[in-house]
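Chemist: So the sequences go chain by chain: V, R, H and W. The C-terminal residue of the first sequence carries number 260 in our numbering, and the numbering is unbroken. The C-terminal residue of the second sequence carries number 1260 in our numbering, and the numbering is unbroken. The C-terminal residue of the third sequence carries number 2260 in our numbering, and the numbering is unbroken. The C-terminal residue of the fourth sequence carries number 3260 in our numbering, and the numbering is unbroken.
Worth flagging that the hints you see were computed from the coordinates, not collected in a lab. Just so you know, even glycine gets a beta-carbon here, dropped at the ideal spot from N, CA and C. Be careful, since some hints might not be right.
With a straight-line cut-off of 30 Å between C-alpha atoms, the simulated DSS-like cross-links for lysine-lysine are [stated by the list, open to error]: (1) K1116/R - K2242/H; (2) K2156/H - K3141/W; (3) K3242/W - K116/V; (4) K116/V - K2194/H; (5) K51/V - K3051/W; (6) K3194/W - K2242/H; (7) K141/V - K1141/R; (8) K2242/H - K1118/R; (9) K2242/H - K3141/W; (10) K2194/H - K3242/W; (11) K3118/W - K242/V; (12) K3146/W - K1141/R.
Simulated restraints, written as ranges between beta carbons of each label pair [claimed, not checked]: (13) K1146/R - P2257/H: 53 to 63 Å; (14) A2142/H - E1241/R: 49 to 59 Å; (15) T1028/R - R3112/W: 16 to 26 Å; (16) T28/V - G2254/H: 19 to 29 Å; (17) K2118/H - E3259/W: 28 to 38 Å; (18) K1146/R - K146/V: 27 to 37 Å; (19) G193/V - R2258/H: 47 to 57 Å; (20) E1241/R - R247/V: 16 to 26 Å.
There are 4 protein chains.
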Amino acid sequence: MDSWRTAIVSTGDGNIRVRGYNVTELMTRATFTDTIFLLQRGRLPSAGERKLLDALLTGCADHGSGAPSCAAARLAASGNRASLSAAVAAGLLAIGDEHGGAGEQCMEMIARGVAKAKSEPASSEPTSMAAVAARELAESKAAGRKVPGLGHRVHKTRDPRTNILFAIARAESLAGDGVAFMEGLESALEQEGKTLPINIDGALAAILYDLGFEPPAGKLMFIVARVAGLAAEVAEEHVREKPMRIRIPVEYDGEPPREI
Amino acid sequence: MDSWRTAIVSTGDGNIRVRGYNVTELMTRATFTDTIFLLQRGRLPSAGERKLLDALLTGCADHGSGAPSCAAARLAASGNRASLSAAVAAGLLAIGDEHGGAGEQCMEMIARGVAKAKSEPASSEPTSMAAVAARELAESKAAGRKVPGLGHRVHKTRDPRTNILFAIARAESLAGDGVAFMEGLESALEQEGKTLPINIDGALAAILYDLGFEPPAGKLMFIVARVAGLAAEVAEEHVREKPMRIRIPVEYDGEPPREI
Amino acid sequence: MDSWRTAIVSTGDGNIRVRGYNVTELMTRATFTDTIFLLQRGRLPSAGERKLLDALLTGCADHGSGAPSCAAARLAASGNRASLSAAVAAGLLAIGDEHGGAGEQCMEMIARGVAKAKSEPASSEPTSMAAVAARELAESKAAGRKVPGLGHRVHKTRDPRTNILFAIARAESLAGDGVAFMEGLESALEQEGKTLPINIDGALAAILYDLGFEPPAGKLMFIVARVAGLAAEVAEEHVREKPMRIRIPVEYDGEPPREI
Amino acid sequence: MDSWRTAIVSTGDGNIRVRGYNVTELMTRATFTDTIFLLQRGRLPSAGERKLLDALLTGCADHGSGAPSCAAARLAASGNRASLSAAVAAGLLAIGDEHGGAGEQCMEMIARGVAKAKSEPASSEPTSMAAVAARELAESKAAGRKVPGLGHRVHKTRDPRTNILFAIARAESLAGDGVAFMEGLESALEQEGKTLPINIDGALAAILYDLGFEPPAGKLMFIVARVAGLAAEVAEEHVREKPMRIRIPVEYDGEPPREI
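So that you can see chain V by itself, here it is in the shape it has in the complex (with noise of 0.2 Å):
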């Protein structure tokens, strides 16, 4: 078989190098957060940037037990108490596009906002990521596509991890182009009276973004966040409940008893 090439580790002197830097080097200087942007970006971060990575991975990392992720994870320890990591697994395997998942939809329309702001000629930045992002909700609408990384279920007013991502990004002077377009978006919305705040997958997204993250890490810095929280909600069955402890109550709506 042929090598895999790969430009994240390298052994061959001995020593394990991540991105260049050997590990015993990291272990010394670097916090797992500087770690984490440096497999991503490929260079350390700077104070600010781990700031922000920091409140981002914390904000995501859990947000109750009654989470598709959380529950499923649960429910796999429950039945299953040989395999930490299968429990672990079964956890992620719940994040997508529902749950956890639109950070990367929203990076890709960031992109493209961007990308087209970017192409049009003489205007202040500023006004065009607004006049970008209110175009983009106009075309999506004409198309009947949902914007990602707007409104909830539940709440109206923007998520408060919006906020302290924002005012993180804006006091270490990281908010860019990712946070114009989304508060373009939101006030586009308001301007038609529609109230769809940011909500964390768009504020992830916005954030990410500025970091200069591709969009894959939409999803895949909602996973590593949330495989914290995962590991705590695993631990906490094994050590506090018993196996086979969960029943789901099911109701039958089907096929009334019948012969073969």
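We have chain V already, so just place chains R, H and W on it with the hints.
Modeler: The following block gives chains R, H and W in isolation, referenced to the frame of chain V:
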């Protein structure tokens, strides 16, 4: 890299061959159950063996949406609409020693018991197997080990699926040491005044042992069967239900609100 | 929590009933393939339908240990000996649009095409289906879309499994719009001088469509079939091989050694 | 259904609270590593504990694309482009007792050893811990058990990551019974003329034990760390590589061609 060796499938002569048979010939002349048997055992089954394996796989395919495997698959399907394989896999990950997994341990116990019985001189076999089962029980009790394959949280009588499997095995002259050992265990318990009938894991283990399968098949055949059910559960979730419909109710009993 | 509704399995009267049938009656009288059909379609198959589904499942069970699904399962089995379900699940997770997943897209395309053909007035059906297939091809070409279910990286002739499946479908009078549509596509391409024969995904889609399955079954039936193969691959890894035997050769082409 | 109880996250007062702290306050003032510690231990770490956990998580994030976890994730990413969470999960499923999993067993061994040492009267602790380690070694040898956390397939000297972790633990006054026990084991082996240095699993176990984590954390913290690496491996596969590019070479050594 060195090649990976395998004795399962070859494609060298331009044909896909499963255990030596051309897959197109199998498609014409074999059932899916024949193929499952062939993949595990390296030969095609007799008509009786096919009937018995059909009964076993049908009996384990699904016993209700509330089982951890089915519920985990539905939770994943609810949150992650984009990947059907992820939802089925999440269901599988709930299968382990506690749910659908006792069959493997039970097959190891039977193999141990049968090996002991065979190594004893001059004893007639049926007697010996019951005696060895009784001894296994005594040893397990002394060591504080739980005996797999017996008892049920709810039912006090034999699982009706156990009776059907054993009846087919007898009708097809395929009931051997596995069935004898498990019935020996059950009898030994009854003589102690305990009602711990052979459950579906124990029946599956006895039957697979008598069909010549290796212990890992005690879990793997449950998995093969259950995937048929999971595929239906996931399809129903996609076709009938909305994404993110599932909310698990959670009660918090941890630290009260506090400040850093 | 509200109950989860389901039309698949009931246990209300003390019996496990699958789509209304007592599981013990199914165990006595149905094959595993019957059960798979029943779970998906809500009724038992005819003899011809059973034969066709048996051929399809047998044909997709395994086509070599080097496929991503089989290789991922073996890697997991090599590193994580404690959980057989984890290894099978890892194999499933390699199944998606690129591997074993085109069947679903292909079924959606057939459904779209058939709906169009039906909505056209007064045309004889076989002609119409070929015409609609040709039009679908033209539209896909114009839109730059890849047409699923056709072509193969290596083979330039029809997959022999396609021929067998279509032959059985015809012999059992079960070849319908699905087969006609896919053959229409293939012919339309040939008239353009292109040799893109119907591959196994396309054949599976045509057959499942003609058996009345929903599009998700295009992936789910491949999954059900493939788990039979994965169970054998994982069993072989456990029984014949040592843990952690697999080494993938890696070549690093990233940043040279550097200091923080 | 009964509610599921949890002591991890509450949302009752409209705020997401993790172990009692408002998530927005954590986002402003805690690092991701603080959050990981908080989720597992129920309190925020000291500066020294944070530094030690950062080093541990950084040290386990990735040690090469050829490891079973990374390779399984890449195989899944290659075949199943549609679900990033499925690819990361496939990688996790390769983690078990053989790969990244010895930490849990090792923590259980340390806990057993420490409990014994504590129950012995009037012995000075450092001596006692080395003595108990030596006795554990003797008992394991007698019982034919492998001792977890020691030795490496290739390296004969201590993993450099072990040295760094123990040095940080000492500098931060956090090296306790865990480190003492593992070093006691290593010394006892050296006195027998065997060079089996503490490997990364053993170092991780010693450190987590001294940080007050429960044994399951021996696997779970490796999982949390490794997901950072898997996220980078999967992103690289998506961004740099074509789908279905991976071919594993297979050599068949089974039944020769035969007919039914």
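Chemist: Against the 30 Å threshold, does the CA-CA distance of K3118/W and K242/V hold or violate the hint?
Modeler: 29 Å, holds
Chemist: Taking the beta carbons of T1028/R and R3112/W, is their distance inside 16 to 26 Å?
Modeler: 59 Å, violated
Chemist: Can the suggested window of 53 to 63 Å be confirmed for the beta-carbon pair K1146/R and P2257/H?
Modeler: 54 Å, holds
Chemist: CA of K2242/H to CA of K3141/W, is that 30 Å or under?
Modeler: 22 Å, holds
Chemist: Run the distance test for K2156/H versus K3141/W: straight-line Cα separation, threshold 30 Å.
Modeler: 60 Å, violated
Chemist: Given the proposed pairing of K3242/W with K116/V, does the C-alpha separation stay at or below 30 Å?
Modeler: OK: K3242/W and K116/V at ~27 Å, within 30 Å.
Chemist: Would the pair K141/V and K1141/R pass a check requiring their Cα atoms to be no farther apart than 30 Å?
Modeler: Measuring from Cα to Cα gives roughly 69 Å; hence the hint is violated.
Chemist: When you take the CB atoms of E1241/R and R247/V, is the distance between them in 16 to 26 Å?
Modeler: 20 Å, holds
Chemist: Need the status of pair K116/V, K2194/H: alpha-carbon distance at most 30 Å?
Modeler: With a Cα-Cα distance of about 38 Å, the restraint between K116/V and K2194/H is violated, given a limit of 30 Å.
Chemist: Between the alpha carbons of K3146/W and K1141/R, is the straight-line distance 30 Å or under?
Modeler: It holds: about 27 Å lies between the C-alpha atoms, which stays within 30 Å.
Chemist: Confirm or reject the claim that T28/V and G2254/H have a C-beta distance inside 19 to 29 Å.
Modeler: Because 21 Å falls inside the window, the suggested range holds.
Chemist: Has the given pair, K3194/W with K2242/H, been kept, meaning a C-alpha gap of at most 30 Å?
Modeler: Holds, at about 24 Å.
Going down the numbered hints, you'll see the structure goes against 2, 4, 7, 14, 15, 17 and 18, while the others check out.
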